[in-house]
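J.: Residue strings, one per chain:
Number of protein chains: 2
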Amino acid sequence: MSPTHKVYIAGPEVFLPNGFDQMRIKGEMALAEGFFPSTMAENDLDPTGATPFEFGCQISAANERMMREADFCIANLTPFRGISADVGTGYEVGFMIALGKPVFGYTNISKLYYDRLLEDYYGGKAEKDADGVLRGADGLMIEDHGMVDNLMYDGGIAAIGGRLVRRDVAPGRMLTDLGGYQECLKLARELFDKR
Amino acid sequence: MSPTHKVYIAGPEVFLPNGFDQMRIKGEMALAEGFFPSTMAENDLDPTGATPFEFGCQISAANERMMREADFCIANLTPFRGISADVGTGYEVGFMIALGKPVFGYTNISKLYYDRLLEDYYGGKAEKDADGVLRGADGLMIEDHGMVDNLMYDGGIAAIGGRLVRRDVAPGRMLTDLGGYQECLKLARELFDKR
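So the protein lines, in turn, are chains L and D. Okay, so the first sequence: first residue is 1 according to the working numbering, each after it adds one. Okay, so the second sequence: first residue is 196 according to the working numbering, each after it adds one.
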């Protein structure tokens with residue numbers, strides 16, 4: 001199948017020990033479904049003489065350029081170093097939705113945000129305040145919208161015509177399993193075939 | 196001073212026990228600097244008969260509408276329930292920057308992302324891999340760009356002509372201190388006065 005559209009592949013893979021391989025595999029899987037994966041241009045990054053801050057800005061600028069060029073986004077929203085999705089990926093989901101581009105997200109844990117917050121973050125300890133709002137011991141609201149993460153994600157992805165796929169994976173494969181990613185590719189294929 | 200521009204006030208205040216007061220005060224402070232704070236329209240939310248998920252989508256849609264109407268954003272990027280900024284706020288920062296609107300961010304901890312990750316998240320335990328990349332015990336890269344958070348934030352905010360203010364605040368005031376917010380208002384005032 002000849003590629004028809006360009007996908008921006010968002011997620012915390014870059015931080016993984018096998019991040020390079022993961023990104024290569026994700027790119028190959030995208031091509032197999034008929035999508036060009038976004039890639040950096042040769043002159044996007046030039047660390048020579050750049051401070052670490054400046055080099056970070058080069059990566060940021062390259063990512064923003066790739067997002068503007070892409071037709072849609074597939075985001076790995078699996079919780080990363082905490083209770084929620086990687087914040088860099090979150091920035092990119094908002095960025096793409098603002099541009100009106102469909103976002104498909106996946107998470108490798110089926111447990112909803114409310115349950116993760118209540119059970120995993122607050123250890124099951126929470127109380128309702130005078131207004132009936134459930135709060136943790138730190139006083140912060142434990143919101144319950146039956147959603148995968150903060151409501152901006154589930155809400156924004158639904159409104160833009162994308163999908164948020166959640167599933168459980170084998171232990172130890174939380175950040176690497178690509179079943180949800182494959183499902184997002186198929187959903188995107190269906191969307192673009194319909195258009 | 197008659198208000199000149201509209202500001203989208205992003206941050207996790209809604210989850211605080213005194214969230215309503217905090218948002219009111221932030222709105223008053225914006226007005227005092229000559230900015231209209233974004234507010235929900237009366238018909239934005241209608242919980243009657245809506246499922247929790249649907250109600251969450253209503254809030255998401257209202258926030259996206261307010262962002263599209265606003266001229267710029269001030270975001271509270273203080274770490275929230277973990278090592279990084281609130282993911283909902285992060286989505287909004289990316290959203291506004293994609294629309295070409297200036298974002299000013301503040302964080303109530305001066306400690307940089309690298310130091311928070313290494314010391315607070317990994318307890319100081321990290322090792323360099325064969326390529327010289329510093330990694331925590333979980334194998335994940337500990338990136339060091341001299342930045343406040345994930346590079347998409349520092350990079351995107353710098354490129355759009357905004358600023359990222361960091362400062363330390365009195366104990367217990369991490370999520371409520373508004374000194375950084377006030378500084379962002381002044382920086383925004385300078386930017387719009389120059390235009």
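Certain hints may be false.
Said to hold, decoys possible - One side only, chain D facing chain L, incomplete, derived with CB under 8 Å:
#, residue
1, Met218
2, Arg219
3, Phe231
4, Met235
5, Gly350
6, Ala354
Claimed, not checked - SDA-like cross-link-like pairs, simulated, lysine to any residue; straight-line CA separation at most 25 Å:
#, chain 1, residue 1, chain 2, residue 2
7, L, Lys111, D, Lys201
8, L, Lys128, D, Leu240
9, D, Lys201, L, Glu54
10, L, Lys101, D, Gly244
11, D, Lys306, D, Gly295
12, D, Lys323, L, Leu191
13, D, Lys323, L, Glu13
14, D, Lys323, L, Lys125
15, D, Lys201, D, Met235
16, D, Lys323, L, Leu99
17, L, Lys128, D, Lys296
18, L, Lys125, L, Ile83
19, D, Lys296, L, Lys125
20, L, Lys101, D, Lys306
21, L, Lys111, D, Ile254
22, D, Lys320, L, Leu178
23, D, Lys296, L, Lys111
24, D, Lys320, L, Ala62
25, D, Lys296, L, Ala61
26, L, Lys101, L, Arg116
27, D, Lys323, L, Lys101
28, L, Lys101, D, Leu211
29, D, Lys306, L, Lys111
30, L, Lys125, D, Gly244
31, L, Lys101, D, Cys252
32, D, Lys201, D, Leu240
What the hints contain is simulated information worked out from the structure, not anything from laboratory work. Every value quoted in this text rests on a predicted model; they were computed, and no experiment measured them. Here a beta-carbon is modelled for each residue, glycine too, at the ideal position from N, C-alpha and C.
J.: Are the hints correct? Go through all of them and say.
T.: The hints, checked one at a time:
1. Evaluation of the methionine 218 (chain D) hint against chain L yields a violated restraint, the C-beta minimum of about 13 Å exceeding 8 Å.
2. Checking arginine 219 (chain D) against chain L by beta carbon gives a least distance of about 16 Å; that is not within 8 Å, so the hint is violated.
3. Here the hint on phenylalanine 231 (chain D) is broken, as its CB sits about 20 Å from the closest CB of chain L, past 8 Å.
4. Look at methionine 235 (chain D): its Cβ only gets to about 14 Å from chain L, farther than 8 Å, so that hint breaks.
5. For glycine 350 (chain D), the interface hint holds, since its Cβ comes within 8 Å of a Cβ in chain L; the closest pair sits about 2 Å apart.
6. Contact between alanine 354 (chain D) and chain L, as hinted, is supported at the beta carbon level, the nearest pair being about 6 Å apart and thus within 8 Å.
7. Of the supplied pair hints, the one linking lysine 111 (chain L) and lysine 201 (chain D) is violated, its CA atoms being roughly 38 Å apart against a limit of 25 Å.
8. Under the criterion of a C-alpha separation no larger than 25 Å, the hint pairing lysine 128 (chain L) with leucine 240 (chain D) is consistent with the structure, at around 23 Å.
9. Distance restraint check for lysine 201 (chain D) and glutamate 54 (chain L): the Cα-Cα separation of roughly 31 Å exceeds the 25 Å cut-off, and the hinted pair is therefore not satisfied.
10. A C-alpha spacing of about 30 Å is found between lysine 101 (chain L) and glycine 244 (chain D), which places the hinted pair above 25 Å, so the restraint is violated.
11. With a CA separation close to 29 Å, the supplied pair lysine 306 (chain D) and glycine 295 (chain D) exceeds the 25 Å bound.
12. Distance hint between lysine 323 (chain D) and leucine 191 (chain L) is unfulfilled; the C-alpha atoms sit about 43 Å from each other, more than 25 Å.
13. Proximity of lysine 323 (chain D) to glutamate 13 (chain L) is assessed by CA-CA distance (about 18 Å); at most 25 Å being required, the pair is judged to hold.
14. Of the supplied pair hints, the one linking lysine 323 (chain D) and lysine 125 (chain L) is violated, its CA atoms being roughly 38 Å apart against a limit of 25 Å.
15. The straight-line distance between the Cα atoms of lysine 201 (chain D) and methionine 235 (chain D) is roughly 13 Å, inside the 25 Å bound, and the hint therefore holds.
16. In summary, the hint linking lysine 323 (chain D) to leucine 99 (chain L) is not supported, as the alpha carbons are separated by about 39 Å, beyond the 25 Å threshold.
17. Proposed proximity of lysine 128 (chain L) and lysine 296 (chain D) is contradicted: the alpha carbons are some 38 Å apart, above 25 Å.
18. For the given pair, lysine 125 (chain L) sits about 16 Å from isoleucine 83 (chain L) by alpha-carbon distance, which is consistent with the 25 Å threshold.
19. For the given pair, lysine 296 (chain D) sits about 40 Å from lysine 125 (chain L) by alpha-carbon distance, which is inconsistent with the 25 Å threshold.
20. With a C-alpha separation of about 35 Å, the suggested pair lysine 101 (chain L) and lysine 306 (chain D) falls outside the 25 Å cut-off, and the hint is violated.
21. Simply put, lysine 111 (chain L) and isoleucine 254 (chain D) have alpha-carbon atoms about 22 Å apart, close enough for the 25 Å limit, and the pair holds.
22. The hinted pair formed by lysine 320 (chain D) and leucine 178 (chain L) fails the criterion: a straight-line CA distance of about 29 Å is larger than 25 Å.
23. Distance check on the hinted pair: lysine 296 (chain D) and lysine 111 (chain L) sit about 35 Å apart at the alpha-carbon level, beyond 25 Å; violated.
24. Restraint check: the Cα-Cα separation between lysine 320 (chain D) and alanine 62 (chain L) comes to about 31 Å, which exceeds 25 Å; the hinted pair is violated.
25. Between lysine 296 (chain D) and alanine 61 (chain L) the CA atoms are separated by roughly 16 Å; this keeps the pair inside 25 Å, and the hint holds.
26. Distance check on the hinted pair: lysine 101 (chain L) and arginine 116 (chain L) sit about 29 Å apart at the alpha-carbon level, beyond 25 Å; violated.
27. Taking the CA atoms of lysine 323 (chain D) and lysine 101 (chain L), the gap is about 38 Å. The hint is violated against a cut of 25 Å.
28. Distance restraint check for lysine 101 (chain L) and leucine 211 (chain D): the Cα-Cα separation of roughly 32 Å exceeds the 25 Å cut-off, and the hinted pair is therefore not satisfied.
29. Annotation: proposed proximity of lysine 306 (chain D) to lysine 111 (chain L) is violated, straight-line Cα distance about 32 Å (limit 25 Å).
30. Among the hinted pairs, lysine 125 (chain L) with glycine 244 (chain D) is inconsistent with the structure: their alpha-carbon atoms are about 29 Å apart, more than 25 Å.
31. Annotation: proposed proximity of lysine 101 (chain L) to cysteine 252 (chain D) holds, straight-line Cα distance about 18 Å (limit 25 Å).
32. Between the alpha carbons of lysine 201 (chain D) and leucine 240 (chain D) the distance comes to roughly 21 Å, so the proposed pair stays at or under 25 Å and holds.
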